[in-house]
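Enquirer: Sequence:
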Amino acid sequence: MRTDPDETTVSLLTAYEQSEDLAFKHMAPFKGASKKGLRVGAVSRFLRRNLLLILATTLGISGLVFYLVWRQPRQYEGEFQLLVEPLSAEGRLTNSAASSPQSQPGSAETDYATLIRLLKSPTVLNKIIGKIQARYADLDHNRLTGTLNVKRVEDSSGKTKLIGVTYQDPDLQQINFVLEQLASGYIQYSKEERQTYLGEGISFISKKLPEARQNVANLEKQLQELQQKYRITNPDTEGAGLAQQARDLESQRLDVRRRLQAQKSLYANLQGQLGLAPSEAIAASSLTENPRYQQLIGELKQVETEIAAQAATLTDDNPLMQDLRAKQANLKTLLSQETRNLASQNLAGNGSASNVPNFQGSLQRGLSQQLVETLNDIQVLEVQSQAAQQASEAVDRKLQQFPAIQRRYNEIQRELGGATKSLNQLLENQENLKVEDAQQQIPWQLAVSPGIRRDQNGDPVSLGQSRPAKLALGVLGGLLLGIGLSLLREKRQNVFHSTADLRDETQLPLLGALPFSETASVLETHEIGDLHSPKQSQQMLRRAAEALYAKLKFLNSEMPIQSLVVSSVTSRDGKTTAAMHLSQVAASTGQRVLLVDANMAMPQLHSYLGVPNFEGLSEILHKKLDPTQYIQRSPHHANLFILSSGQSLAGASQLLASAQMQYLMGQFQNMFDLVVYDTAHLLDYTDAQYLSWQADGLLLVVGIGRTQHSLVLKALKSLSSSRLPILGTVANFASGAADAFEGERSLGVGRPEDEFEIFRV
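Here the sequence shown is numbered in UniProt numbering, starting from 1 and rising by one per residue.
I should point out that these hints are in silico values taken from the structure, not numbers from a laboratory. Among the hints, erroneous ones may be present.
To be verified - The calculated label-pair distances, taken between Cβ atoms and stated as ranges, are: (1) 192 / 230: 57 to 63 Å; (2) 718 / 670: 28 to 34 Å; (3) 59 / 636: 54 to 60 Å; (4) 220 / 131: 55 to 61 Å; (5) 59 / 154: 29 to 35 Å; (6) 121 / 446: 20 to 26 Å; (7) 670 / 636: 42 to 48 Å.
Unchecked claim - Below, simulated DSSO-like cross-link-like pairs (lysine-lysine); rule was C-alpha separation at most 30 Å, straight line: (8) 208 / 221; (9) 553 / 717; (10) 553 / 151.
Quick caveat, the model's predicted, so the values are computed rather than measured. Glycine included, every Cβ here is placed at the ideal spot set by N, Cα and C.
Model the full structure from these sequences, guided by the hints.
Expert: Now the structure itself:
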């Protein structure tokens, strides 16, 4: 049931309505801390909180810098410059000769980086320091090199051939003396040390030259002996010629063999046609050409012709015929005898004279002559074939030996090339070193004499920044260090320092700020019904609770809040105090208010309000009892009802998410005008999330200066991801009413400052 508020309550709420901005009409989801731009208000609050630390750090660093700046003496600088390479025409000509294309790369270039390091090394400086210490005994190598600078001089056109030497010290006389000693020492070094280096190089090369020359001579001798032994000049071309010769000989041998076979075939054919051996054919041919033999043949032909002519008319018995026959027989006998004589001379034991025909015709003579010529050709071709075979075998033997000869020849040539190159390099380096040695006869020259740097008026120029600039940097450094230390301190504290910080970081409506009160627990325990305590802290706490209720009342005018969950991130943020005072103020306006202790883990409301806790919410959920039998009226106010948590039973927290609890929450809203649930904290429990889903929203209590900043943001992110309605935040332990809504005025939310009197201590 709802009861109408009395006139006092109505006037109180009207005053709150006029003093509060009605902009909070809808619940906004958590968006996290805004990172767009710089929040001037947050920076201002940060500076006010850490003003003492920042001022102390700034003053301390500034004082230290002031002391060091005024205690440090003025520093002056002197310099001189050395010309380390010649600029004359002779020097340039010699330089170009030394850097000819055949010389080693970079041999004529001066290695300035190495030279500068050498000029600052103990090897060069120790002799000079010995002379300096005759006047300034405390100036050792470390102190000298600490303010000594040696570098190559550069101008707008590029790097020069100058080396600049600078030295810094407060004593002007010491600067002049040190620079003079350094200049003379460096020039002396250019005369002695570099000439010694070149002389050692020349001496080394002179020792190596005889060995290099002897090596080249030995290799040339080996090459000459190899060429003479195998009669070669160029193995590559001669090897190719030898291979071509082998191919030509093989082709010639094959041609001779083919021709020989052809002649032998012709010889066999001729011999078959004549039926004579070659010697017999020669003998027959000799008979044909013998005059005596030819005369006898002629006489025999005449007799036979005469016999043939007489035979037609005479018989064989005719004496004439007999005489002709006798003459014929006689001529034949002479022919046979002549044939045997000539045949015995031509055959010479080969063949038989009986096989030699007594007469050969012109055809037979031609065949005999061709037979003899064929035999001669066969003999010639056999000699040629044998010669070609021998030549081919000789060339083959050379070809088999030639790879080894060529490999040895190439090895000697390669060794000779390397030895010759080494010899040429030694000779060239010797000439270059002699040229460079001649160049070094001219020592380094002073381009700029030692002296102090002075301004246009001739006064020595001090180094470094001016003292005011150093002091300004000291102040700035101290300020930055103080700010850094302040940031580190606040990061380690990890709390919200004010209600404005809470509103800016969470981006949620700040619905109220409960001020810190040392007697709050006393009020909670013993004076909960005394709403008009004369104590100022109690009055301020009551007014803050009234302002919180007024904002909740008009947070959404279209849908008034009937149930809400009050929770916090940790267990000591004061959520129970906020729920208790909020319920008390709501009840004082005439509304029926039910305050439910849903903190199953650590119930406290019954002890603060002085009511028994034998049975309560846990028993109702566990045993499904009638809740009206366990709701107790507050002994201090008629419109305030309390439902304690009951005894701690196993699984009681899980029952808050059950359908039974949802049903109970609906019943409570029908029975009362406002239901406030005090739950366990969010860090270790999910009870508040279960209840917030069924209630109108969650009211998050944050302890200013106590609750960890990171835990609050983490909890809000979890609630937002679960899409739970968050009504806003309540700042507990606020230092004062003015601090409670400091940020709202900067955002244009709320009335002017003088209208927030109810929050001011």
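Enquirer: Are the hints correct? Go through all of them and say.
Expert: Going through the hints against the structure:
1. 192 / 230: 57 to 63 Å: Taking Cβ atoms as reference, residue 192 and residue 230 lie about 58 Å apart, which means the hint holds.
2. 718 / 670: 28 to 34 Å: Since the Cβ atoms of residue 718 and residue 670 sit about 31 Å apart, the hinted range of 28 to 34 Å holds.
3. 59 / 636: 54 to 60 Å: For residue 59 and residue 636 the Cβ distance comes to about 55 Å; the hint holds.
4. 220 / 131: 55 to 61 Å: Holds: the Cβ-Cβ distance is about 57 Å, inside 55 to 61 Å.
5. 59 / 154: 29 to 35 Å: violated (44 Å)
6. 121 / 446: 20 to 26 Å: Taking Cβ atoms as reference, residue 121 and residue 446 lie about 21 Å apart, which means the hint holds.
7. 670 / 636: 42 to 48 Å: violated (25 Å)
8. 208 / 221: The hint holds at about 20 Å.
9. 553 / 717: holds (26 Å)
10. 553 / 151: Roughly 81 Å separates the two Cα atoms, so the pair is violated.
In summary, the numbered hints that this structure violates are 5, 7, 10.
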